[in-house]
Each structure stands twice: as C-alpha cells, then as structure tokens.
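Undergrad: Going down the list, the sequences are from chains A and B.
My numbering numbers the first residue of the first sequence as 1 and each following residue consecutively.
My numbering numbers the first residue of the second sequence as 1 and each following residue consecutively.
Derived by calculation from the structure, the hints in this document are not laboratory data.
One or more hints might be untrue.
Once the Cα atoms are required to be at most 25 Å apart in a straight line, the calculated PhoX-like pairs of lysine-lysine come out as [stated by the list, open to error]:
| hint | chain 1 | residue 1 | chain 2 | residue 2 |
| --- | --- | --- | --- | --- |
| 1 | A | K200 | B | K109 |
| 2 | B | K386 | A | K201 |
| 3 | A | K94 | B | K109 |
| 4 | B | K386 | A | K94 |
| 5 | A | K61 | B | K385 |
| 6 | A | K181 | B | K386 |
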Amino acid sequence: MSLAARSLFRTFLQASATRGIHTTPRVEQSSSREAQRVTCTLIPGDGVGPELMYSLQEVFKAAGVPVDFEPYFLSEINPVLSAKLEDVVASISKNKICIKGIISTPDYSTEGELQTLNMKLRNELDLYANVVHVRSLPGVKTRHKNIDSVIIREQTEGEYSALEHESVPGIVECLKIITAKKSMRIAKFAFDYATKNNRKKVTAVHKANIMKLGDGLFLRSCEEMAKLYPRIEFEKMIVDNTTMQMVSNPNQFDVMVTPNLYGNIIDNLASGLVGGAGVVAGASYSAEAVVFEPGARHTFAEAVGKNVANPTAMLLCGTKLLRHINLPKYSDIIQSALIKVLDDGKVRTKDIGGQSTTQDFTKAVIYNLH
Amino acid sequence: MALRLSSRFIKTPFLARGYPLVVGKEKGEEIAHSKTTVQKKLLTRIPGAQYGGRHSCTMLPGGGIGPELMTYVRDIFQYAGCPIDFEVIDIDPTSAGNDDLDYAIMSIKRNGVALKGNIETKSEDIDATSRNVALRNELDLFVNVIHTRSFEGVPSRHKDIDIVLIRQNTDGEYAMLEHESVRGIVESMKVVTEENASRVARYAFDYARRNNRKRVTTVHKANIMKLSDGLFLEVANKLSKEYPEIEHNNMIIDNTCMQLVSNPKQFDVMNMTNLYGTIVSNVICGLIGGAGLLSGRNYGDHYAIFEPGTRNTGTAIAGKNIANPIAMLNASVDMLNHLGHREHAKVISQAIHQTLVVDRIHTPDIGGNHSSTDIIENILRILSKKRVHWNHDAINV
C-alpha cells in the first residue's frame with residue numbers, strides 16, 4: 001500500500017518536474033545558422049544510470065541542444081532485457097559518438113565466460129584510450145583544492161585480457177598482456193592529448209621494477225614516444241608511490257598515462273579526491289568513435305529509485321560530448337549553469353553534503369541556463 | 001672480475017632489441033638532402049593521430065601573409081564544424097638555430113598532415129639551408145602536385161586550362177650541394193636518382209589512371225644534360241610501358257614554356273624534375289590569375305603537406321588586408337579531402353567557388369577591389385546556409 005502511495009507520489013512529482021522544464025525558454029543561437037541535428041547512441045546502463053540519463057536529456061532539451069538520442073538498453077546482469085551487442089556496436093560505429101552509463105559486472109561468471117560485456121564492447125569498437133578528467137569543482141568540499149589532472153588509461157590489454165586458466169587444481173594463472181604497438185599508441189594518445197590541451201607534463205605510471213618485461217615494455221614505449229615531444233615534460237612513477245603522492249600531493253600531476261589495471265585504480269582514487277563517482281566525467285576513444293561515460297565506474301545500485309544520485313558527472317560528460325561535436329556554445333551554457341548551481345551550494349545532492357534530490361538538482365541546472 | 005661483469009650487465013640496455021623508432025636526428029647528423037631506404041622504413045612506426053573521429057594537424061603559419069591566412073582557415077573550419085584540431089607552430093625567421101624547425105618536423109611526423117604557409121629563411125649565412133627545402137627533404141615528401149584550373153570570371157589570358165603538374169620535390173637542383181673547388185669557380189650538383197625519378201613517374205601515371213587523364217608529358221633538358229635528365233626521361237619512358245592506356249610524350253623545358261604561354265591546352269599531366277617544376281608552376285599560375293588562387297600538395301610515403309601552389313611569402317602585402325586567401329583555403333580543402341572529410345571539403349570548396357565565380361568578390365591581385373575579409377565574410381555567409389554533419393564520411397586514413 002505504502003509502496004503504491006509512494007510510486008503515485010513520484011509520478012506526480014515527475015509530472016510537475018516535466019511541466020517546470022517545459023516552461024524554460026529555449027536558448028536562441030546568436031546566428032541564424034541551423035545546425036544539423038546530431039544522432040548519439042545512448043546506453044543508460046545499470047543502477048542509477050537511467051535516472052542520470054533522464055536528467056541529462058532534460059537539460060539538453062531545455063537548452064535546445066540539436067542532439068537526438070538512439071537508446072539501447074545494454075546490461076549484463078539483466079540479460080533478458082538487454083539489447084544485442086552487435087546492434088549497439090553498429091549504432092556507435094554509425095554515429096561515432098555515444099553516451100553511456102555504467103554497466104555493472106557480476107563478480108563471478110556462471111557460463112564460464114571470462115570477458116565482461118564492458119570489455120566486449122571496448123574490444124569490438126577498439127576503444128583503447130580511457131580519459132578521465134579529474135577536476136576540483138566549486139562547492140564540493142574536499143581535502144585538496146585545485147586538482148586538475150587527466151588520467152589516460154590503456155583499456156584493451158594488460159590485466160583485462162581475460163586469459164585465465166587453472167593449469168593444476170588450486171593454481172590459477174592470469175595472463176597480463178602488454179604489446180609494443182598498443183603501448184606506443186596509448187603513449188602517443190597521452191602526448192597528443194597534452195599537446196592539444198596545453199598541458200605541460202606527462203607521467204607514466206608503471207611497476208617495471210617488479211614486472212620488468214611487461215611493464216618494462218610499456219615504460220620503454222612511453223620513453224620512446226616522449227622523445228617526439230620535446231616541449232612536454234615526461235616523468236615516470238611507480239604505481240604504489242603514485243597512489244601515495246596522489247592522496248598527499250595531487251597537484252603535482254598533470255597528464256598521467258597508465259596500463260589498464262593501474263589506471264582503473266588511479267581513476268577511482270582520484271575521483272574520490274574530488275568528490276566521488278558522481279562528479280567525474282570520462283570518455284573512451286578509438287580512432288573513429290568516442291564513448292562518454294562517468295569517470296569512476298560505480299552503478300550506485302543501492303540508490304536506484306531513491307532519487308538521490310548526483311547527475312553532475314553525466315552532465316559533464318554531456319558538455320564534453322558537445323565540445324567534441326563542435327557545439328561549444330551549448331557546452332559552455334550547460335557547464336556554466338552546472339558550475340553556478342554547485343557554486344551557490346543551495347541545491348546539493350547527498351553525496352556532496354546536501355539533501356536535494358536528483359530532480360531538484362536537474363531543475364536547478366535548467367533554471368540557470370541562459 | 002665481478003665488477004667487470006656487473007658493469008657489463010648495467011651497460012647493456014634492457015630490452016635493447018625491438019621496435020626501432022626514428023626520433024629526431026642522431027648526434028652530429030645534419031639535415032640530409034635525402035633519406036636512405038632504411039631511414040624511410042623506420043619512419044613508419046609512429047601511430048596516426050586520429051582520436052574519436054577528430055584529426056590533429058600541424059599548422060605552420062610561416063611568414064608574411066601566412067598568419068593572417070591561417071586565421072581565416074581556422075575561422076572557416078570552426079564555422080563549418082570540421083573535426084580538425086590544429087597544433088600551431090610558429091617558426092621564428094630571425095633565429096639562427098633550427099630548433100623550431102626540428103620541432104615542426106617532429107610535429108608533422110606525429111600528426112602525419114600539415115597545412116603550411118611559406119617559411120622565411122632570413123639568415124644569409126651560407127650554412128643556413130632553406131627551411132622549406134629542409135622540411136621537404138627531412139619528411140621525404142618526394143612529390144609536389146598542383147592542379148591548375150582556370151577560374152571562370154578571373155581575368156586571365158587563357159581560358160579553360162586544366163593541367164596537373166607533378167614535380168619531383170627532393171632531388172635535382174635542390175640537393176643543396178654546392179662548393180667552390182677553386183676560388184672563383186662554384187660547382188652546384190644536380191642529383192637525379194633512379195629511385196626518386198621512378199617514384200615520381202609512377203605517381204604521375206597512377207594519378208593519370210585514377211583521374212581518367214589521357215596524357216603524361218615528361219619535361220626535361222636531356223639534350224644538354226644527357227646523363228641526369230636523360231635518366232629521368234629514361235625512367236619515365238620505361239614506366240610508361242606499364243600504362244598502355246595513357247599516352248606518354250616528352251618535351252624540352254624551353255619549348256614547354258613557349259608552348260605553355262601560346263597553347264596551354266595541349267598539356268594534361270606533366271611530370272618534371274625539381275627546378276623545371278617550380279618554373280612551370282609559376283608560369284601556369286601567372287596564366288590563370290596569379291599566386292593567390294592555386295593550392296599545392298606535397299606527398300611522401302607517410303606524410304602530406306598542403307600549401308599555396310606558388311611558394312610566395314607575400315611579405316609586402318602582409319597586414320594590409322588585401323592578400324588573396326583563396327590559395328590557402330584551397331589548400332585546406334585539399335587537406336580535408338586527404339583526411340577523408342569529403343563532405344566538409346565539398347561544402348567549403350563550393351562556397352569558395354560561389355564567392356569567386358558567382359558573387360565575383362575579388363581581391364586586387366586578380367583585378368577586384370575587395371579586401372581579404374570581404375571574401376571570408378562572404379564564404380561564412382554561404383556556409384551559414386549549408387548543413388554539415390560534424391563527422392560525415394570519415395574514413396580511416
């Protein structure tokens with residue numbers, strides 16, 4: 001009974017929110033130019049993903065962004081409802097851009113399949129470079145101020161090769177693959193990213209003192225590539241030291257380039273430094289396509305339907321997407337509205353110390369669009 | 001003993017063998033006049049610069065009118081939404097060293113593609129080589145292609161010219177090998193290599209075949225330089241047998257110039273050595289309306305540079321807002337085509353054509369009285385009515 005009452009209430013709330021949204025005036029472009037509408041693949045993901053996507057779509061609608069979404073529900077824990085991977089891949093290859101929530105991954109495999117759905121998607125599209133931009137946001141209380149670093153992670157090989165076997169009962173071997181080609185490629189990506197965004201330093205994170213061959217190859221590839229970029233400082237750091245430096249003095253880092261697993265750990269650690277999984281945006285690049293997704297991979301499944309998730313990360317993903325497709329004007333409008341809401345601090349979600357709901361936050365962003 | 005052993009162990013670099021990668025120059029190696037085959041092979045190892053459908057390109061504004069023209073290109077690219085990110089590198093013309101140039105070369109190696117104005121070499125020092133030539137040699141851009149076409153409405157002596165000039169870009173008189181063996185006697189070497197001559201001739205014939213051209217004319221002076229130009233001609237003759245559907249003839253350079261100004265329509269594709277190429281290209285540019293219209297493309301096995309067709313700096317008219325931006329815009333369209341962004345290239349080149357032919361907005365060099373910015377504003381106005389998808393027809397390069 002109480003459940004029914006609650007859902008009824010929520011429906012009303014949503015209805016009122018929708019009405020509020022549509023009274024917001026559209027943003028007029030200064031020139032009379034009609035931009036062609038862009039189609040973007042949308043994967044809501046598990047956990048709070050669909051709620052965040054709803055928030056993003058409302059903001060896009062209110063800002064009059066000429067982007068249409070092509071939604072595909074892709075899920076590993078909900079295989080019955082999931083769209084086919086081939087369809088999703090075809091859609092992303094066609095559109096070249098995708099925005100994606102987090103797809104949750106079960107801890108154990110029931111069918112003996114070692115590759116997760118996320119990994120399959122990455123391998124299909126060759127999304128080799130994961131870029132997570134960790135930045136301190138105004139109005140988010142954290143221990144460290146003015147963090148602004150970019151973590152670039154190789155995400156198609158290394159520990160994620162899904163090559164594991166039990167050669168003798170009780171002994172499991174897991175292969176970590178490092179290739180010169182992919183290491184070169186990620187190193188070049190990192191240096192090109194640094195060049196393009198006027199960054200000064202690239203730090204290679206490794207553990208070559210222990211894994212002399214595997215990480216040694218990665219490190220050597222980075223060193224070789226660094227010679228091509230004499231105007232960018234290059235340094236290397238062992239992963240354990242990196243994590244310590246990260247929590248004690250994170251401002252020393254600019255662009256970091258890492259193999260797969262280290263990158264995953266550092267992404268999450270750095271996200272924690274600036275306010276958690278709800279405020280960090282990321283993107284995965286192949287040569288052809290980009291998938292924008294939150295930087296720290298948490299589905300936040302315990303908050304499903306509670307209307308408490310922070311849409312900041314997803315909105316930042318949206319602004320990055322708009323900049324990628326040459327719509328910087330819309331991107332700036334949404335970003336400044338978002339920053340203003342965070343800066344005012346009146347509407348905050350639970351994770352950054354407030355009591356507001358996802359919907360309140362979205363509405364606040366929409367009211368600040370101008 | 002133990003000490004010696006350990007020192008040996010330390011000295012041997014770990015993972016010493018493996019994937020070579022040429023990065024910059026070895027110690028003491030100056031900018032060479034041509035690359036050995038081994039060096040060429042080593043250059044291939046650098047992965048391309050395409051990320052998420054966007055390309056990174058090097059932009060070398062150069063001297064004179066270069067910087068202003070580059071601003072126009074960036075305005076138009078931004079407006080048309082071309083998925084290109086430029087890495088701008090300024091080369092200081094007054095500096096004696098080649099640091100900026102080395103950096104520019106490295107940047108082109110990383111990005112694979114560059115858009116370039118003409119770089120000034122101010123230094124009169126005999127050791128200072130032309131930076132433009134150094135750039136081409138270092139990147140092994142062995143062929144220069146200029147497609148000359150008459151523009152309707154631009155005053156010129158001949159109408160309907162359509163000639164493709166294919167010029168050897170690294171050998172020949174530009175080998176930069178000169179010396180004074182006895183006081184008062186200077187010798188300058190002209191180098192023709194079979195390898196480079198055949199690469200260029202093959203490019204010319206392939207180009208003719210790809211674009212349904214009928215004839216290739218090899219321009220030479222083999223009656224005087226029997227060995228060097230003779231080799232160039234012989235290589236072209238030999239290769240022409242592999243392309244039976246394409247007519248091949250040859251013409252001596254002095255006669256070529258006369259034929260060009262009196263009856264240019266007899267030429268289709270022209271295959272030339274370095275110095276003849278620059279002479280012929282300037283003759284033709286003069287015939288159809290001057291230095292401000294045509295674009296040139298430089299190709300090597302791995303890299304491509306796009307620039308205005310005649311390599312003039314235009315220092316005299318810099319900052320006066322009268323430079324003709326069409327040549328540089330055509331070069332940028334060539335670049336978009338090369339990278340596979342055909343839709344953007346098509347829209348921009350249509351806008352250029354409309355401005356020049358339909359709206360007749362001409363700068364003083366082709367008899368108009370409009371400024372450079374008038375042209376750009378008109379192109380932007382035309383583009384504002386066009387719709388271009390941000391990433392149309394992108395193909396893997």
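Undergrad: Under the criterion that the straight-line Cα-Cα distance not exceed 25 Å, is the pair K386(B), K94(A) satisfied?
TA: The hint holds at about 22 Å.
Undergrad: Check whether the Cα positions of K94(A) and K109(B) lie no farther apart than 25 Å.
TA: Measuring from Cα to Cα gives roughly 30 Å; hence the hint is violated.
Undergrad: Decide if the proposed pair is consistent with the structure: K200(A) and K109(B), CA atoms, cutoff 25 Å inclusive.
TA: holds (20 Å)
Undergrad: Do the alpha carbons of K386(B) and K201(A) lie within 25 Å of each other, as the hint requires?
TA: violated (41 Å)
Undergrad: Does the alpha-carbon distance linking K61(A) and K385(B) stay inside the 25 Å limit?
TA: OK: K61(A) and K385(B) at ~24 Å, within 25 Å.
Undergrad: Sort out whether K386(B) lies within 25 Å of K181(A), counting only the CA atoms.
TA: With Cα atoms ~41 Å apart, K181(A) and K386(B) exceed 25 Å; violated.
When each numbered hint is compared with the structure, violations occur for hints 2, 3 and 6.
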